[in-house]
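Enquirer: Residue numbers (this note's numbering), protein chains in the order written: chain A, 1 to 333; chain B, 334 to 709.
If you are wondering where the hints come from, they were derived from the structure by calculation, not from laboratory data. What you were told as hints is all true, and nothing was included just to trick you.
The calculated lysine-lysine pairs, modelled on DSS-like cross-linking and capped at a C-alpha distance of 27 angstroms, are:
#  : chain 1 : residue 1 : chain 2 : residue 2
1  : A       : Lys-41    : A       : Lys-143
2  : A       : Lys-68    : A       : Lys-41
3  : A       : Lys-179   : B       : Lys-550
4  : A       : Lys-68    : A       : Lys-143
5  : B       : Lys-426   : A       : Lys-179
6  : B       : Lys-542   : A       : Lys-179
7  : B       : Lys-643   : A       : Lys-260
8  : A       : Lys-179   : A       : Lys-190
9  : A       : Lys-260   : A       : Lys-247
10 : A       : Lys-140   : A       : Lys-41
11 : A       : Lys-68    : A       : Lys-140
12 : B       : Lys-550   : B       : Lys-426
Counterexamples of contact, computed for chain B against chain A with all Cβ distances above 12 angstroms:
#  : residue
13 : Pro-339
14 : Asp-347
15 : Arg-352
16 : Arg-407
17 : His-410
18 : Gln-417
19 : Met-421
20 : Ala-442
21 : Glu-478
22 : Glu-571
23 : Phe-584
24 : Met-610
25 : Ser-675
26 : Pro-681
Every residue gets a Cβ at the ideal spot worked out from N, C-alpha and C, and that includes glycine.
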Amino acid sequence: MDSRDTDWDGVRLHVVTGKGGTGKTTVAAALALALAAGGRKVLLVEVEGRQGIAQIFDLPPLPYEERKIAVAPDGGDVYALAIDPEEAMLDYMEMFYGMRRAGRALTRMGIVDFATTVAPGFRDVLVTGKTTEAVRRRAKNGKRVYDAVVLDAPPTGRITRFLNVTQEVAGLAKVGPIKNHSDLVSGVVKSPETAVHFVTLLEEMPVQETLDGLAELRSAGLPPGGIFINMVRESLLPQAVLDSAVKGRFDVGELTLGLKAAGLADGADAAAVAESLVGEVVEHARRTQIERAERASLDQADLPRYELPLLADGVDLAGLYELAASIRNQGAA
Amino acid sequence: MKKPAPLDVDAILDDRGTRIIVCCGAGGVGKTTTAAALGLRAAERGRGAVVLTVDPARRLAQSMGLSELDNTPRLVHTAEGGGQLFAMMLDMKRTFDEIIEAHADPERARQILSNPFYQSLSSSFSGTQEYMAMEKLGQLRRSDEWDLIIVDTPPSRSALDFLDAPERLGRFLDGRFIKLLTAPAKAGGRSAFRLLNAGFGLVAGAMTKLLGAQVLKDLQTFVSALDAVFGGFRQRAEMTYRLLQAPGTAFVVVAAPERDAMREASYFVERLAEERMPLAGLVVNRVHFSPAAGISAARSAAAAEDLESKGEHELTAAVLRLHTGRMQLAAREHREQEHFVSAHPTVPVVQVRAMSEDVHDLAGLHQIGELLASGA
Ligand SMILES: Nc1ncnc2c1ncn2[C@@H]1O[C@H](COP(=O)(O)OP(=O)(O)O)[C@@H](O)[C@H]1O
Ligand SMILES: Nc1ncnc2c1ncn2[C@@H]1O[C@H](COP(=O)(O)OP(=O)(O)O)[C@@H](O)[C@H]1O
Ligand SMILES: [Mg+2]
Ligand SMILES: [Mg+2]
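With the hints as constraints, model all of the structure from the sequences given.
Expert: Written out as structure tokens, the structure reads:
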């Protein structure tokens, strides 16, 4: 096991949120690999019932069971668990009351369906309860079973409600076992052992959602983590060229000569091709300018930031390890 | 790829028989933008349009004067020919409250509105937003004040949620567990569970242990109050469903040229056919084109490499690298659309190109409207 300093030493529960489609599942999976690297044991948890982890690791659907799904660079294991609220409730009733049979009856009655419909807070407390149990779990020798748990969490708009279970169930259950259970969950998610990371793109809506979500998180007293800017495109042109291109200025003459030299076009045709390529450059320059503005907006968040490249061929297993390496290189794990 | 028929947006907007347009698709693909752009274009073509939006981007909302959720359509724009664009932003909780107030006597309404379970259901049930959007659509349509209603659908995780949610909420209120909870009250208010079988006694015991007696009581009060009010809940959902099947309705499916979004679009198209709901066509939004498409990715990459190896024309080489990336992206997007087109060859399609900037004002919406009408 290596002992490099990372930005999140001491954190055992990494919660990954973000606007839908920004890459939460991808980043959570890459982060789990990165944290496991060098001989650690990490649990990757999924809660939205979408089997996203199975898809990304190219596996058949995961059961409600912790099982090893990947080996990290330099040794280290990633386990995965797809939490099903119904199963989590059965666990819970068994664990605290030895009432598995009653639990089954509740399931048959449609009570879980009911509870998740009318009071998502109940569902959330079951799911976060199962997750924090894995965080706290110790082996016989007293050591924690997992070095870290990574939670592929609900999107930004729901994250504070999801984690702030005590608050959410308070209106519904002021006393009693659910309340006690939610206090236990709270103890973990509000502690320095937890960090809530945001995944965003350099686009207006995801950035806005990140800032709004973060403000909400902070006012609920939940611990923010880092910002993962995903799908970052490398800029191929020098900043000075981009700056003038935004204003519509570009050396078409030089480009025309270059196209001729490359044997791509000649004569008047070269000038026409150059003109149309300039259109592409100007658009790219505008896009880059907007991305810079969005980066600047993220400064307000005042959190550590990591950038992950846009993988040209989408995310396959090799791509996932590439993202994990990038996460490690930037000190996030 | 076989070329699909072009989606003729103007023909749909100009047809006075078109009374409802529903924009649906996966999250983040551009449903809200498309709905608003169609509304503006409809107004520009002389119609009186109202756009019911669910979650506009902040700047777009501000530019349309929708700074608050207020559940009433506001005039956004009057076009030269006299056509008008109104817009409103859905307030889901308020829409729910209004249904309760309209159907319950004041005392019962108060009981429901202050019940913690109602508050939870009306503000966070994952299907409530979908249901309320449909409810609001029904209200607008029944008022018959609107020439054309354009609905934006909620940002569900799946495009189908909005078709299923009303049914799910209805089924839920008719559910077995709810029936069990309300049964004692109906049987004359005798002690909660005595009348029921042993199986339910076990459940009641477990529930009491799990939730505490107060919770169970709140729950029963809530359920029986709601049950009385929502006798016709399912009928309401069915009424809206029929509205969606009516010939004056046109579904516009929106997708981005990416795998997940195109797959969702496919499911949706199939589902609409099953439900006999009228599909107008598919909008593929945020498509990347190249103005220099004559130079293929391969040629561009080879030329860039050539220049780089000679150490000449550095700028040109960089531009060619940029162009290579663009052509690769365009090719990938094209492939993602191919599946859809071969599976649904008769569905009309229009592509809208990706702007370099977000769409956040009327000028931007106007531009999207033009692209929707002309393609590219
Ligand atoms: N860095 C990346 N480069 C390329 N594609 C990416 C990257 N990150 C995510 N994706 C792709 O974007 C899509 C959405 O990612 P996903 O992790 O499922 O997002 P979320 O869980 O937030 O909905 C997927 O198709 C995924 O493969
Ligand atoms: N053709 C386009 N080009 C560039 N940006 C677009 C385009 N269509 C939509 N957008 C932007 O994409 C984001 C998401 O669009 P939105 O309509 O809110 O999606 P949805 O309603 O499907 O979630 C917005 O910021 C919007 O401005
Ligand atoms: Mg996901
Ligand atoms: Mg929207």
